[in-house]
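*Asks:* Here are the chains, one letter per residue:
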Amino acid sequence: MSPSFRLGLFLMTTLSLLAACVFLVGREQLKFGSNYRVRSEFDSVSGLNDGADVRVGGIREGTVQSIVLPNRPDGKVTVSMDLSKETQAIVRQDSVASIQSAGLLGDKYVDISFGSVDAGKLKGGEKIASEPPLDVADLFHKANQLLDTGQGVLENIMGATDNLNLITGKINTGHGTIGKLINDSTLYQQASASVTSLHDDADAMKSNFLLRGFFKDRGYANPAEVKEHAVAQLPAQSPTKSFQYDPTKLFDKPDSAKLKNSKSLNVVGQYLQSEKFGLVVITASTGRTGDSVKERVLSEARGFVVRKYLVENYSLDDTRMKTRGLGKSPTAKEAGSIEILVYASAPAVPAKTSAKK
Amino acid sequence: MCHSMCGMATTVAPQPTLKDDVLAFLQPLRSAIEWTGDLGFFFWRVTKAVFSRPIEWAEFVRQLDAIGARSLTLVSLAGAATGAVLALQMRDSLARFGAKSMLPSVIVFSLIKETGPIITGLVVSGRVGAGIGAELGSMRVTEQIDAMEASAVDPHKYLVATRVLACIAALPLLTIAADFCGVFMGWIACTLVDPVPLRLFLSNGFHGVRFADILPPTFKTAIFGLIIGMVACFQGMRTRGGTEGVGRSATSSVVLSSLFIILADVVLVELIINIF
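Heads up: the protein sequence lines correspond to chains P and U, in order.
Going by the numbering used here, 206 is the number at position 206 of the first sequence; the sequence numbering is gapless.
Going by the numbering used here, 274 is the number at position 274 of the second sequence; the sequence numbering is gapless.
Hints were generated in silico from the structure; no laboratory data involved.
The beta-carbon is built from N, C-alpha and C at its ideal position, and this holds for glycine as well.
Worth double-checking, as some hints may not be accurate.
Going by beta-carbon spacing under 8 Å, a handful of chain U positions derived as facing chain P [to be verified]:
hint: 1; residue: L29
hint: 2; residue: A58
hint: 3; residue: F60
hint: 4; residue: L64
hint: 5; residue: D65
hint: 6; residue: G68
hint: 7; residue: L72
hint: 8; residue: L174
hint: 9; residue: I176
hint: 10; residue: P197
hint: 11; residue: L198
hint: 12; residue: L200
hint: 13; residue: F206
hint: 14; residue: G208
hint: 15; residue: F211
hint: 16; residue: V269
Lysine-lysine pairs mimicking BS3-like chemistry, simulated, CA-CA at most 25 Å apart [unchecked claim]:
hint: 17; chain 1: P; residue 1: K328; chain 2: P; residue 2: K249
hint: 18; chain 1: P; residue 1: K108; chain 2: U; residue 2: K157
hint: 19; chain 1: P; residue 1: K249; chain 2: P; residue 2: K180
hint: 20; chain 1: P; residue 1: K108; chain 2: P; residue 2: K142
hint: 21; chain 1: P; residue 1: K108; chain 2: U; residue 2: K48
hint: 22; chain 1: P; residue 1: K253; chain 2: P; residue 2: K276
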């Protein structure tokens with residue numbers, strides 16, 4: 001091998017390799033391909049570097065040529081990018097450049113969106129719109145803010161539970177309205193008194209003209225008073241005189257104690273007024289049908305009503321006039337009966353019916 | 001010229017005139033300082049020679065052949081071996097981090113930025129440094145250089161400047177060759193394990209490579225060439241002591257140029273990173 005051949009081989013090989021290297025790297029930087037330049041402005045490029053990829057539709061179609069800081073505080077960072085000519089059909093004037101990262105913490109690259117068909121083509125050197133980059137640092141910052149807010153909420157909730165504690169404490173110790181309501185017995189006493197006066201009011205209402213009719217139809221006002229003069233049983237001796245009445249004729253309805261034919265009682269009244277008597281017992285019974293409790297009350301009420309009529313219309317010694325309600329009586333007639341028994345002498349007044357029956 | 005050279009040679013190997021212990025202790029330091037000063041004079045003389053007319057083109061091309069072309073095989077083999085080793089080692093390391101797809105990039109970046117240039121520098125300093133040191137040393141001890149000076153030929157111009165320039169020119173070209181052989185062998189080593197097309201390997205490997213990544217590291221080897229040429233010629237030109245001195249010169253040429261290449265590389269890498 002001659003020295004000339006050897007030197008020639010050395011020079012040709014190495015120089016062609018140098019040239020190949022220049023073109024290999026050059027193609028990488030798209031400096032020698034046919035390309036055009038676009039610019040975009042960002043508030044922050046989030047660590048984008050010179051020579052970073054520019055992707056169009058996810059395909060690497062260019063490189064970032066320069067990143068220039070603004071010369072005024074209100075300016076923006078200008079990123080100049082070289083894109084291959086082939087993308088001119090896709091990237092239009094309304095394309096948007098955004099800085100993305102490959103992976104969460106990976107390399108930064110610029111993504112350029114497809115333009116719309118109507119928008120004009122880029123000739124080179126134009127500025128396109130930009131989208132602020134989603135920085136991981138920003139993400140963490142936002143997460144931090146969120147956590148702060150969450151902490152604030154928790155603090156509020158804790159404050160609220162503290163207040164609740166305070167309130168329940170006050171209730172326990174009898175402070176405040178609810179505390180008094182729960183702890184103070186005066187209120188109960190007052191409420192109790194109110195109910196009592198309500199009873200009085202209810203009594204007054206019964207004599208009120210609007211409601212009077214109801215009680216009038218029933219024949220008596222207060223279920224309690226019908227047993228006021230009741231006796232449990234008849235005296236042992238036989239009565240000197242007795243009057244029998246049919247309840248269906250004497251009273252308005254089968255289930256009421258309202259007198260219909262009160263004049264028929266006048267015979268009894270006149271007799272009692274003229275004759276001296278020791279005791280009168282008005283015994284009432286209802287028929288064989290009906291609810292026994294209701295029928296007992298009805299029978300007692302009927303006796304009471306008859307006594308009341310006699311006492312109010314004739315001058316009689318009402319302390320010697322008693323009533324006796326038998327209620328539902330299997331032995332009585334179909335519609336029951338009203339029997340007024342008169343005893344001439346005054347036997348021992350039988351005991352009052354016990355309240356518990 | 002001869003007088004100054006002889007004077008220099010005398011001062012470089014001084015006789016111990018002072019018996020003071022302290023001075024004896026400082027003798028190696030003093031030698032190093034004197035060596036550096038001599039190298040400075042030598043550098044200045046060669047620089048003047050390089051820029052003085054006429055340029056010795058014929059000798060330059062002859063040296064380019066001897067230094068560049070004859071080193072091509074050696075450098076290519078060294079580069080190829082380095083590329084293969086990188087591929088095999090990095091495959092294992094990167095797989096451990098789940099970054100095996102970065103293998104072509106790692107091979108290419110590693111080769112073009114540092115491994116290619118430093119391997120080329122060291123290999124050439126071994127082969128060429130020893131050659132120059134021995135050649136000039138034997139010319140010195142056989143008084144050929146003295147004869148050259150007597151016939152009004154400047155040995156710094158004819159012998160030294162041409163060799164230094166040839167080293168400066170050859171090193172970057174050899175580095176490119178080493179880089180390519182390394183990348184190619186790297187691809188072969190990768191393909192043997194896991195077949196990948198060369199096109200894909202290159203496009204992956206050179207993805208993101210800029211001129212700033214490849215040209216400064218390649219052309220910094222011109223500095224390595226300067227160091228090899230200067231140190232080897234200096235050591236050869238100041239050879240003393242017959243055949244034994246020639247051997248010493250050859251050895252010290254290789255040792256010193258290799259050392260200075262590595263030291264210079266530290267500074268150059270930092271410089272290149274900051275500039276580009």
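*Asks:* Sort out whether K157 (chain U) lies within 25 Å of K108 (chain P), counting only the CA atoms.
*Replies:* violated, 54 Å
*Asks:* Between K108 (chain P) and K142 (chain P), does the CA-CA distance stay at or below 25 Å?
*Replies:* holds, 21 Å
*Asks:* Does K48 (chain U) sit within 25 Å of K108 (chain P), going by the straight-line distance between their CA atoms?
*Replies:* violated, 51 Å
*Asks:* Just to be careful: measuring from the Cβ of L200 (chain U) to every Cβ in chain P, is the smallest value less than 8 Å?
*Replies:* At about 14 Å, which exceeds the 8 Å cut-off, the nearest Cβ of chain P leaves the hint on L200 (chain U) violated.
*Asks:* With a cut-off of 8 Å, does the beta carbon of A58 (chain U) approach a beta carbon of chain P closely enough for the hint to hold?
*Replies:* Violated. Min distance 12 Å.
*Asks:* For the restraint on F206 (chain U), tell me whether the closest CB of chain P is nearer than 8 Å.
*Replies:* holds, 5 Å
*Asks:* Going by Cβ atoms only, is L29 (chain U) closer than 8 Å to chain P?
*Replies:* It is violated, given that the least Cβ distance between L29 (chain U) and chain P is near 42 Å, above 8 Å.
*Asks:* Does I176 (chain U) hold up as a contact with chain P if the rule is Cβ-Cβ below 8 Å?
*Replies:* holds, 5 Å
*Asks:* Hint check: K253 (chain P) vs K276 (chain P), CA-CA at most 25 Å. Holds or violated?
*Replies:* Not OK: K253 (chain P) and K276 (chain P) at ~34 Å, beyond 25 Å, violated.
*Asks:* Regarding the hint that V269 (chain U) lies at the interface with chain P, is the smallest CB-CB distance below 8 Å?
*Replies:* violated, 19 Å
*Asks:* Does the closest beta carbon of chain P sit nearer than 8 Å to the beta carbon of F60 (chain U)?
*Replies:* violated, 11 Å
*Asks:* Taken at face value, is the distance from the CA of K249 (chain P) to the CA of K328 (chain P) at most 25 Å?
*Replies:* holds, 18 Å
Consistency with the previously given hints fails for numbers 1, 2, 3, 10, 11, 12, 16, 18, 19, 21 and 22, ordered from lowest to highest.
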